[in-house]
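> Take these sequences, add in the hints, and give me the full structure.
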Amino acid sequence: MTTSTTATTTPAAPTTPDRPSPPPVPDSFAALLLLADGRLPAGAHAHSGGLEAAVALEDLQDLTGLEAFLRGRVATVGHVAAAFSAAACASVRSGLPVTGGSGTAAELSRLDDELEARTPSPALRTASRRLGRQLLRCGLRVWPHSTLDELAAATRRGPHQPVALGAVAAVAGLEPRAVAWAAVHDSVMVPATAAVRLLGLDPYSVYAVLARLGDRLDAVATAAAAQAHAAPADLPAWGAPLLDVSTELHATWEVRLFAS
Amino acid sequence: MRARAELAVALTAGAGGRDRSRVARLRSDGPLLLRPAIATGPEPLRRWDLTGRGTARISRAAGAGGPLGGDHLRFHVDVGAGAALVLRDVSATLALPGPHGEPSRIRTTVRVGRKATLVWLPEPVIAARGCDHHIRTDVVLEPGARLLLREELLLGRHGEQPGTVRQRLRVCRGDRPLYDQELAVGPGAPGWQGPAVTGGRRALGSLLVVDPQWGAERDGLPAVTAHPDTAVLPLSDSAVLVTALAEDAIALRRRLDDGVAELERTAAPVAR
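The listed protein sequences derive, respectively, from chains A and B. Our numbering numbers the first residue of the first sequence as 1 and each following residue consecutively. Our numbering numbers the first residue of the second sequence as 1 and each following residue consecutively.
Any given hint could turn out to be false.
What the hints assert, rightly or not - Okay, the calculated bits of chain A under chain B, using three or more residues with CB under 8 Å as the criterion:
| # | stretch |
| --- | --- |
| 1 | 109 to 117 |
| 2 | 204 to 217 |
| 3 | 241 to 254 |
What the hints assert, rightly or not - With the C-beta cut set under 10 Å, the calculated list includes, among others, these residues of chain A facing chain B:
| # | residue |
| --- | --- |
| 4 | Val55 |
| 5 | Asp59 |
| 6 | Thr76 |
| 7 | Trp238 |
Derived by calculation from the structure, the hints in this document are not laboratory data. Where is the CB? At the ideal position from N, CA and C, for every residue including glycine.
Right, here's the structure in full:
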């Protein structure tokens, strides 16, 4: 768009250019990039976030199907994961000055129970705990902290992945807002990466889909971050019935490329 | 319209040790009409043996059209210790838009007392075009309580695009959460028609069964049934969710009923 220059009597421009200052970079931006990167050795590459099941059962074959899948996934389980990650991060951060403490472990355990109640599919619960255990193991080596040891001790089968993500993010110095973005990013990157491998979709086109989803991802992450300090019972509980059903079926297959 | 209906059932000692479940409070209001009812056929779980006077039966009828946008309905159900209640609907609920574009809301709270039983089998909620209907149900189960609860949602009348529905069901055992899911479908819910949420199907529902005697071993339960789009999901050692999607209401009902029948066949009761 061009600016009209026909008005000759406009007042003189201010002496300093009226340029908005750049938005502040989140704290520990480098840690956020590490945590949100699919190359973090935390086992995410073995999962498709339900995409492998949708390819076989829902005839998802192309970019249109992928985009519809991602929109539904991020609005439901993606939003829940982001809100719980942000809440776990907030809980650990508020406990950090007194080096975690059992109050933090109890709060994380409460969040874990709430997430369990929001995950009706046993196959998805197993996958979430496996991913949580792997992420916690990774976090313990990369950002060692007593809170992570306590979380590992409190959840024998491994914490649900969003609880682990929030706790690891907190000890890495991230705020709830940043971890909500990391969780939302993860909720679309896992199936999008799997789609490239399973369907041989053009990676540039897949990334164009992801870029198109940017506004939706921002909206979900913003909403999730705003819930970081809500009571655990009031955190969102969006469900995706087809993901539940197809993931259960997928878990019975003898031959599959992804664990979930 | 604002309305608040209440229903309470209590166990009273009867002659010869035959206790009966008595309706202690029955308050209809506005469109929520509560009426004593008689058994209309076997309940899905025969094992619970809810025949006879040990079980109270109530039907809920819609006394007016709707809910319409702007309606705020509240409903409280209390099943006292040891009592049993079978609660049904006379007909389906048709959620319609209101004149001012406001959402309609129905908020239900349920308490099932110690060793009490609630079988709640509502008819489907039909999301008519343009509706914005919010359903919130909170159930608290006390120790030993049994629950069978069905939810069915039809996305539009025949050939109709649905409005928006948000439906949250939260079930707690005491203060511990057992099940908490919210479904959002319709124009106000991003991605709802995609292959993660409904995949274009027009009917979806679930049947939640909580039975402390069940001891539902995960290994002993079928993860899937003979029907497509249906899964049997153990939530804990004593709670199972049958969840299904279908093209229409009849297929959905059959899938849910068959899922529960499958449960009854395969899950052996454990000694108390």
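> If any of the earlier hints don't hold here, list their numbers in rising order.
Structure breaks hint 2 only.
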